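Protein chains in written order, with the numbering used here: chain A, 1 to 426; chain L, 1 to 426.
No wet-lab data here; the hints were simulated from the structure. If you're wondering where the values come from, they're calculated on a predicted model, not measured in any experiment. Errors might be hidden in some of the hints.
Same chains, same label: a pair holds when it works inside one copy or across any pair of copies.
DSBU-like cross-link-like pairs, simulated, lysine-lysine; straight-line CA separation at most 35 Å [stated by the list, open to error]: (1) 154 / 425; (2) 277 / 154; (3) 360 / 317; (4) 367 / 92; (5) 340 / 83; (6) 343 / 9; (7) 277 / 360; (8) 340 / 276; (9) 243 / 22; (10) 367 / 175; (11) 133 / 154; (12) 154 / 420; (13) 303 / 28; (14) 367 / 277; (15) 83 / 32; (16) 276 / 32; (17) 321 / 276; (18) 32 / 367; (19) 154 / 276; (20) 9 / 92; (21) 317 / 420; (22) 133 / 276; (23) 277 / 133; (24) 133 / 3; (25) 360 / 276; (26) 28 / 243; (27) 22 / 133; (28) 208 / 425.
Number of protein chains: 2
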Amino acid sequence: MKKYTELSKNELEELYIPLKEKYENYCKSGLKLDISRGKPNADQLDVSQAILSTPMSREDCFSASGVDLRNYGILDGIPEMKKLFSELYGIKEEYILVGGNSSLQLMYDSIARAMIFGVRGSERPWCFEPERKWICVTPGYDRHFRITETFGFKLISVPMTEDGPDMDAVEELVKDPTVKGIWCVPKYSNPTGNTYSDETVRRLASMKCAAPDFRIMWDNAYAVHDLGENGDELLDIFAEAEKCGNVDRVFYFSSTSKITFPGGGVALMAVSPDNKKQIMPHLGAQTIGYDKINQLRHVNYFKNADAVHAHMMQLAKLIGKKFEICLDALSELDGLGIAKWTKPNGGYFISLDVEVGSAKSVFELMKGAGVTLTDVGATFPYGIDPDDKNLRLAPTYPTDDELRLATEILVTVLKYVAVKTLLEKA
Amino acid sequence: MKKYTELSKNELEELYIPLKEKYENYCKSGLKLDISRGKPNADQLDVSQAILSTPMSREDCFSASGVDLRNYGILDGIPEMKKLFSELYGIKEEYILVGGNSSLQLMYDSIARAMIFGVRGSERPWCFEPERKWICVTPGYDRHFRITETFGFKLISVPMTEDGPDMDAVEELVKDPTVKGIWCVPKYSNPTGNTYSDETVRRLASMKCAAPDFRIMWDNAYAVHDLGENGDELLDIFAEAEKCGNVDRVFYFSSTSKITFPGGGVALMAVSPDNKKQIMPHLGAQTIGYDKINQLRHVNYFKNADAVHAHMMQLAKLIGKKFEICLDALSELDGLGIAKWTKPNGGYFISLDVEVGSAKSVFELMKGAGVTLTDVGATFPYGIDPDDKNLRLAPTYPTDDELRLATEILVTVLKYVAVKTLLEKA
Chain A
1 MKKYTELSKN
11 ELEELYIPLK
21 EKYENYCKSG
31 LKLDISRGKP
41 NADQLDVSQA
51 ILSTPMSRED
61 CFSASGVDLR
71 NYGILDGIPE
81 MKKLFSELYG
91 IKEEYILVGG
101 NSSLQLMYDS
111 IARAMIFGVR
121 GSERPWCFEP
131 ERKWICVTPG
141 YDRHFRITET
151 FGFKLISVPM
161 TEDGPDMDAV
171 EELVKDPTVK
181 GIWCVPKYSN
191 PTGNTYSDET
201 VRRLASMKCA
211 APDFRIMWDN
221 AYAVHDLGEN
231 GDELLDIFAE
241 AEKCGNVDRV
251 FYFSSTSKIT
261 FPGGGVALMA
271 VSPDNKKQIM
281 PHLGAQTIGY
291 DKINQLRHVN
301 YFKNADAVHA
311 HMMQLAKLIG
321 KKFEICLDAL
331 SELDGLGIAK
341 WTKPNGGYFI
351 SLDVEVGSAK
361 SVFELMKGAG
371 VTLTDVGATF
381 PYGIDPDDKN
391 LRLAPTYPTD
401 DELRLATEIL
411 VTVLKYVAVK
421 TLLEKA
Chain L
1 MKKYTELSKN
11 ELEELYIPLK
21 EKYENYCKSG
31 LKLDISRGKP
41 NADQLDVSQA
51 ILSTPMSRED
61 CFSASGVDLR
71 NYGILDGIPE
81 MKKLFSELYG
91 IKEEYILVGG
101 NSSLQLMYDS
111 IARAMIFGVR
121 GSERPWCFEP
131 ERKWICVTPG
141 YDRHFRITET
151 FGFKLISVPM
161 TEDGPDMDAV
171 EELVKDPTVK
181 GIWCVPKYSN
191 PTGNTYSDET
201 VRRLASMKCA
211 APDFRIMWDN
221 AYAVHDLGEN
231 GDELLDIFAE
241 AEKCGNVDRV
251 FYFSSTSKIT
261 FPGGGVALMA
271 VSPDNKKQIM
281 PHLGAQTIGY
291 DKINQLRHVN
301 YFKNADAVHA
311 HMMQLAKLIG
321 KKFEICLDAL
331 SELDGLGIAK
341 WTKPNGGYFI
351 SLDVEVGSAK
361 SVFELMKGAG
371 VTLTDVGATF
381 PYGIDPDDKN
391 LRLAPTYPTD
401 DELRLATEIL
411 VTVLKYVAVK
421 TLLEKA
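Sequences and hints are given; from them, build the entire structure.
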């Protein structure tokens, strides 16, 4: 297969006419497909239905130690849930704080608390810092960026590589004391699907930060979300940070949102005992406790980490199929030199880079054909992709057939845009 | 019955010996009873068990409009839950925001947001106000006071009357622009059990506040918690505030914590459409949404407000019995002039005033006899009752037999302390 850039004007024109025709036919067919957000498909949710369809008797509602979990009490999570999370994520139980239905909320609340009260090591509450900056690894997760934008941080982009954030850039930035933290999705990063290398984790854990209250927001959302038996391995950041005396630097988050039910699962925050000591009194002012019954419902269903892994392998079959459909379609572009995309071993996304300056055109043409992609720029601070080249594909939500059609259209649009652009330049 | 103050020294001494003996016998009996917190008893929770023991099938998880509620989405609550809350509380659906498992968290988050961003009408975020004060109706709810204390407000006490807060005092205080708000439990107030009169509600809604961003935190926690058929009536504060153009002043809260499960129910916030417009973008940064499955679980069980009221009558039978036990025991003090207590038509508490300067002694003696009361001062800002006279009784948590014994001991201790004090003065 010849690269498009190596084609003559005549060859390009020959390609152009049928592509245009094909595209226009899609437009006429009145489709409505959505591959914009990382939502599970209903088939996936059905795998967890037993969590909801299993009746909870009175007896089921008591903890092993005899506590009636239908009543008030227990601020940082029921011991059974802590144990399960500890097994699953390899985090010490005393680090764990079990939250409500949303890890995003735990992240937002952590920064809101820092704004009003500061964190361990803060010289003052962050709202009184005349200037504050935050590192955003790009492409990245829009909802992370939005939190720090909301709280008035200047968002600084650092490029994502196959090994995680460009650590030279990060180490340079943290010499600035107004840089207060970094957002990380260390495993199957949203949207590239790459996992941070051991060296990246070590450098994040050990780097010298000018801000005494620098925080790594470690959103390990896809910790157990492998697509096959041989998933990526992520180094234990707590162990690395402990070695360097930097354990307070890490705010660790995850949830069962994409294990069981998005918005109906159980979230997790994990921090050093000293951080926990600082956080708990504030948490105790905020709430009497999170929903323990839902914690119990999850524990009663899974019982142990092995069961969660087995459950995830069931989901992997469904999700893996969708990644396959997507990657199969994209493979038609192999060798054309018009796009690059990631082939993750897990997570929820494929990151697709097109020619600089053409992502928005692709988005608009897809829209014209009835397919919604994630907004261009959503994976960048302030919603602006400076190169206008990154697209995030979220294959999980549509049915297999819908996805097949959507990616077939995508491939056509990508070729069409590439040929058109080259012709305009020719 | 003669008042204790009218007794001669001899008469007092005659009372003293057997009271002391009786008290010391209690101390020896190794009891461990707790009437300190407003927690439901397990019998009460059993009434709601069917909410948990009813299996939720796949079909049960779809909304009337066909939305899969097991998935992400719907930030301000499912329409079905809004409708139920609207019926139950008499609030327009468009005012309602359905929260997670905790109304306290909605209150804390509301003030946290005000600290960082301000509210409608704020000249600046509250954290930048050089001075900020908050009105606390006393005796009142410790967790309310703790929130505003945490956020650095100076807490100003205003006495609770049978008709609600002393409105002359409130109207005077709100002339100060640094006074930013007031905590209210308007129906079956914690701990007095009194309900705000129509005039009080009208004055709160219409009063002139120097702060353009003054807020009434209206925690209607016991809105449907009558002990009998003829419960107290509370005026609609939204309607009153609307009449005076002050509707933005009201932040309304409630939850099903004491309808179904404490910490496992569904919380509610209600605000004017303009306030909602200001809040929603922040909420959208904080979370993708609250737990819709638990909302659905509650809606599927109750279906409508009438069913909730019928359910509350079942609880009222259990709780009413406990109030009766408590009030029966206290009636032994009628006419002795040593204590005053409230006789609420609903809610969770009885407020007991003893002689100035003796509440702590009562608390300590009760502790000696193995009965835990709510900490003296808990019902006041900073945990200090300036008169050392108020005790909060929480009858719901112990069994009937435990409560009978605890209040029998209480009556003995109250007499004992009163006689002892009078003898020391004599």
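Copy assignment of residue 83 with residue 32, given that the CA separation must stay at most 35 Å: between (44 Å within a copy, 31 Å between copies)
Up to 35 Å between alpha-carbons, please classify residue 277 paired with residue 154: within, between, both or neither.
both (29 Å within a copy, 25 Å between copies)
How would you classify residue 154 and residue 276 at a CA-CA limit of 35 Å: within, between, both, or neither? The answer is both: 27 Å in one copy and 27 Å across copies each meet 35 Å.
- [ ] Up to 35 Å between alpha-carbons, please classify residue 22 paired with residue 133: within, between, both or neither.
- [x] neither (47 Å within a copy, 68 Å between copies)
Is it within, between, both or neither when you check residue 367 against residue 175 at 35 Å Cα-Cα? neither (43 Å within a copy, 56 Å between copies)
Give the relationship of residue 321 and residue 276 under a CA distance limit of 35 Å: within one copy only, between copies only, both, or neither.
-> Classified as neither: same-chain Cα gap 41 Å, cross-chain 42 Å, threshold 35 Å.
Is it within, between, both or neither when you check residue 154 against residue 420 at 35 Å Cα-Cα? neither (37 Å within a copy, 67 Å between copies)
Within a copy, between copies, both or neither: where do residue 277 and residue 360 come within 35 Å Cα-Cα?
For residue 277 and residue 360, only the inter-copy Cα distance (30 Å) is at most 35 Å; the intra-copy one is 47 Å.
Intra- versus inter-subunit Cα pairing at 35 Å for residue 133 with residue 3: neither (42 Å within a copy, 70 Å between copies)
- Task: Tell me, please, which holds for residue 133 and residue 276 at an alpha-carbon limit of 35 Å: within, between, both or neither?
- Result: This pair counts as both: shortest intra-copy Cα distance 24 Å, inter-copy 29 Å.
How would you label the pair residue 208, residue 425 (within, between, both, or neither) given a Cα cut-off of 35 Å? neither (47 Å within a copy, 68 Å between copies)
Please work out whether the CA atoms of residue 367 and residue 92 approach to 35 Å or closer within one copy, between two copies, in both situations, or in neither?
neither (47 Å within a copy, 37 Å between copies)
The structure is inconsistent with the numbered hints 1, 4, 5, 8, 9, 10, 12, 13, 17, 20, 21, 24, 26, 27 and 28, although it conforms to all the rest.
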